[in-house]
Amino acid sequence: MIWKTIKVNFHRLGSPPTFYRLAEVLAPWLWGGFAVCAAIGLYQALYVVPPDYQQSDSFRILYIHVPSAWQAMAGYVVMAILAVIALVWRIRTVEIMAMAGAPIGAAFTFICLATGSLWGRPMWGTWWAWDARLTSMLVLLFIYLGIMGLYAAFEDRRKGARVACILILVGIVNIPIIHFSVEWWTTLHQGATIRLFSGESTLHASMMPPLVWMTIAVKLMFGAALLDRARNDLLDQDRRKGWVQSRLGETT
Amino acid sequence: MIPDFEYAFYVWTSYGIFAVVIAWQFIQPRLRKRRIEAEVREERALQTGSYE
Amino acid sequence: MIVSSMSALIARDLRLAVRHGGESLMPLIFLFSVIILIPLGVGPGPNLLSAIAPGMIWVAALLSSLLALENLFRPDLDDGTLEQWWIGQCPAGALVVARLFSHWLITAVPVIVFAPLAAQMLYLPAEALPVLVLSLLIGTPVLSLVGGLAAALTLGTNRGSVLLSILVFPLIVPVLIFATGAVSAAADGMSASAHLGLLASLLILAITLVPLATSAALRLNIE
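Protein chains in written order, with this note's numbering: chain E, 95 to 346; chain F, 41 to 92; chain W, 585 to 807.
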């Protein structure tokens, strides 16, 4: 019985007006959640946590750099899952969602690279190094831009989305490379200090809370922005259809 | 109010980049929605011949 | 059936390449332009040149691979031959592999053959030469595979060429890193087996996944 409801609702999401309504309702909550978590996280990051013994205040960049990096990768994985669904079931709203994730993922990758440079300059003396993790993050940025460019280059939006979904799936190889790059190669970038499953993290407990809040905040924001952009794409593609016309007829 | 950090430039620039990018991700869809709605209204006005 | 279809396609591609004589020499022209012009730009010092030699030769290989990608599938799409790949008995994936193989023969083999000469001109130590040729043998097929995938993805677009290059670059970065790393290691007298092993694993990954993705992309773009 539950399985049947799940299936029915899954396919209902394929209906543009239903999806639009859902996104319209859900997005403000996600933005609100982001605002709360970010406020708490930023306050703790800037005022509560004491300066680091070795890096003094520049380590506070961690609270922007790390959540953005994690979200850049997590966002790509979300897009890859959506891409599989889009290619297998050919659901238009899922194609739109997969494409909507790319600009946001690119934005987070950019934040990660920029804040990384700003952290690296005072601490390690260089804005950039061609080591494994930095290079593979840069590669991720180019893959995101490639997905956006490929999607934009097609006149037929549905075909463009599906071709770009193939590209998303090809590029997924990069994600494990980024993640394990600090283990496989000796790099300038530091190794993994935060362990989710395998025991003690080497980051001090007093420094953890803002990181947790910012990570949650960034995930909520990704979801909110994804729904916003997907809604707009759907509106744009369906502008001549009945449901859009009647919806906009109400508001004018 | 604003704490005095060592490496203040780098820290604040990082947080600033974060704020600007997130703000853009919030604003851009709203701007685009407004533009799409205006275009749809324009097209409908062209068809019905009624401009207000 | 499959083998005869594939060899027919390869033979046709090679015949066309021979007829377009001048264009087919571009890989060699690229290679020798790179090794003549760059020393003119950075100075003839042997230490510098031998240090950048692996990268230079590999960039030449990459550029010659990129050049032929634009027209890898487009002429066949335009005259309708590409659709035939899905109608006949031979699976389209096999024909994709055949097309990529002929691309490799035309763009990479000249570079591989002349790479030792180019390396000598750049003062690369003799012990690095076998590793150079080996890295090219293992790595250039990956270039052809990934390039072919990018060409298939951008087939349905109008302004494909810039986009094609943008798509290819991030995907072949690991190939370049491992290949040039292998040659540099060998030039320093160290073992290149780790680099070459990783390069080989990239080739295996590419050869199993890319033909599938490429024929899916072509299928989409034919409609």
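Calculated directly from the structure, the hints in this document are not laboratory data.
Check before you lean on any hint, since a few could be wrong.
[Stated by the list, open to error] Looking from chain W toward chain E, a few residues come up when the C-beta cut is under 10 Å (computed): (1) G605; (2) G606; (3) T738; (4) L751; (5) L804.
The beta carbon of each residue, even a glycine, is placed where N, CA and C say it ideally should be.
Outcome of the hint check:
Because the beta carbon of G605(W) sits about 33 Å from the nearest beta carbon in chain E, more than 10 Å, this interface hint is broken. About 30 Å separates the beta-carbon of G606(W) from the nearest beta-carbon of chain E, more than 10 Å, and the hint is not met. Because the closest C-beta pair between T738(W) and chain E is about 7 Å apart, less than 10 Å, the hint holds. Checking L751(W) against chain E by beta carbon gives a least distance of about 5 Å; that is within 10 Å, so the hint holds.
Residue-level restraint check for L804(W) holds (minimum Cβ-Cβ distance to chain E is 5 Å; threshold 10 Å).
The earlier numbered hints that this structure contradicts are 1, 2.
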